[in-house]
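2 protein chains.
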Amino acid sequence: MNQVRLGIIGIGAQGGTYAGFISEGKVKNMVIGAICDIDPAKKEMCAEKYPDVPFYDNYIEMLESGNVDAVVTTVPHYLHPEMGIEALKRDVHVLLEKPAGVYTKQVKELNDFAATKPELTYGVFFNQRTNPLYQKLKEMIDNGEIGKIRRTNWIITTWWRPQGYYDQSAWRATWEGEGGGVLVNQAPHQIDLLQWICGMPKKVYSNVKYGFQRNIAVEDEVTAMLDYGNGATGVFITATHDVVGTDRLEIMGDNGKIIVDDSKKITIKRLVKPEPEMNKTMNMMDIMNLFMGGDTSDIYTEEVIEFESVWGAQHISVLENFAANILDGTPLIAPGSDGIHGVALANAIHLSSWLGKEVELPIDEELFLAELNKKIEEEKKNPIK
Amino acid sequence: MNQVRLGIIGIGAQGGTYAGFISEGKVKNMVIGAICDIDPAKKEMCAEKYPDVPFYDNYIEMLESGNVDAVVTTVPHYLHPEMGIEALKRDVHVLLEKPAGVYTKQVKELNDFAATKPELTYGVFFNQRTNPLYQKLKEMIDNGEIGKIRRTNWIITTWWRPQGYYDQSAWRATWEGEGGGVLVNQAPHQIDLLQWICGMPKKVYSNVKYGFQRNIAVEDEVTAMLDYGNGATGVFITATHDVVGTDRLEIMGDNGKIIVDDSKKITIKRLVKPEPEMNKTMNMMDIMNLFMGGDTSDIYTEEVIEFESVWGAQHISVLENFAANILDGTPLIAPGSDGIHGVALANAIHLSSWLGKEVELPIDEELFLAELNKKIEEEKKNPIK
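Protein chains in written order, with the UniProt record's numbering: chain A, 1 to 385; chain B, 1 to 385.
It should be emphasised that the hints constitute simulated quantities derived from the structure, not laboratory data. Keep in mind the model is a prediction, meaning the values are calculated, not measured. Errors might be hidden in some of the hints.
A pair holds if it fits inside one copy or across any two, identical chains being indistinguishable in the list.
[Unchecked claim] Simulated crosslink set (DSS-like; lysine-lysine; CA at most 27 angstroms straight-line):
1. LYS374 - LYS89
2. LYS108 - LYS89
3. LYS357 - LYS203
4. LYS280 - LYS385
5. LYS357 - LYS374
6. LYS380 - LYS280
7. LYS280 - LYS357
8. LYS136 - LYS273
9. LYS203 - LYS280
10. LYS374 - LYS138
11. LYS108 - LYS138
12. LYS385 - LYS148
13. LYS202 - LYS357
14. LYS385 - LYS273
15. LYS117 - LYS49
16. LYS136 - LYS381
17. LYS203 - LYS375
18. LYS108 - LYS202
19. LYS380 - LYS269
20. LYS202 - LYS280
21. LYS138 - LYS269
Let the sequences and hints guide you as you build the complete structure.
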């Protein structure tokens, strides 16, 4: 095999974007093997746009057609795990759209099954992991450039969505259709990045606002407090009603601090010696005088790194990395089994708000699912939209 | 009366600073009437430095001497309320050092007593309220420039204190001596500003770290989640172990956002129309295109205001405003009765962490005091420092 024939399950906004990149030859070693969608209008559209690509309205048929080596699951979140399992069962490689699923129990089933098929490639579409800024950030944290983490803080409210967005389809922003709001649809990227770079917290407490500024059943604002179990803490804030959104990540460690602004600029403040040592050897007036005198070089040095972002480049990188793993074993940037962490964290944030108390990770999966099902039942009785 | 003779109770670091300002003639219409301290070494120091100023080692004697029209209470926090009451009883005006007290029950007693003496001036030393930046900020919020508040977020960790600071005196950073750490000693300014500008929350949940990076019994790091009861939320973070501290306040409202950096710069992003209206009339692509095209003037306008800070100016302003209120009725910038709000908020943050759950305001004062007394008893058995 020298190129991967990708089957696209679901040719909506996201699937359509990927089809565009691939058909325009932008994705190295990848071609469209087939497209699947249950919507007859999509069939017509594809017949015109991709006349040479086989089209299916049943994804199992596509998996068994011999036309695809791999699939990407650009379908509603609930369906990702079962489609992943069905593909792997048929020895078809899987690139799971994010989030890996709505609740960890279903994602675990997929992960367990995937573990029995180690020869197959199983990736998850965390395109932000290919962002050079976050790769650099992870490298710095992993290398201990700011030492042991004491505090993380991410305000990521650049996910503005007007009511019209939610009203596009009946399933959007419903418990039954999506299983959540900003935590499940928009913020999974940052939830993954936070845990990828800074690790998983041990405890979560949240204040989640459901339908705060939008007429929806699910959440449009989240404040979550994280406890890493070793003294370190964190705060994660996201929302879909901030039209001039904030994107500011601050990570403080024993040896300094990193601030990421707008996912474009990293500011690294490296202490000249670890803070625990300064604590022992310096007095408050020394430090105040240094700050007031304007010469802080005896305390820390500052480096600023700016990044250019190219729209679409990240998605193409994920597709190419996925193909490369299939073709020559290049390591995956986002192995499929990693997808469960973000789902676990999002589930913990939801569960804490439902129970009104701090929850420990891993959370009780059965309890989460029971509570989620209650929301779905309530919604059926009293639909919001 | 054309000038106020101030009695300084406690001539330590803070009292000494005020004495310096007044004796140098920097405080309009105020002179030092007398000084009181229980430390004999201070008596010697004052005899040399302020030979013409009467010195007392008993503050009641000073209050009754006829040498003072007013007092400032630069003594350990626990003592502020009782000294305030004793002064007012003797018709002496009171400028209470911050915080107004350690627990609301004691502050309430003072407030209740002060209410029976409306002819006397009763102020609290919130010098940050005289900072032109925060006055401007309050004015903008009060004028509704960014509409109804949706979210507040203050990271204020510029309070670095090394172990040597805590080890200076036995009473520092103990439950018995101070009744808390950063919440009681360093952060009361910001806690007051936050409630002064954005109002009091209705509920608080906190994660407070006691002796996290310092060898102390009390807290050196605080993360508090605020709920204003009307959908609006907030986060307040403070710490004493961040040598390159952050000071960033963000307030988001229906009509825009204000970001205050380093207590020096205000950035105001005013939406061209209220967000609820944009929500109804604009679609996501409109907004994305405006942002990607770089011309965001159809969404918001931005104004940046920079402020110069002059060390000491704020303290002088408070003293002058206090004197002016006594002499001609100029309104107080920080009326004494306002001091209880910050104490109530700090108490709620402590109590939430002690109980491990969200607490409602006003909190149960008796419960708080019982829990505080438990900490004091534990500390006596197992002193940390």
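Practice problem: Could you check the structure against the hints above and give me the numbers of any it violates, in ascending order? | Solution: 1, 7, 9, 10, 15, 16, 19, 20
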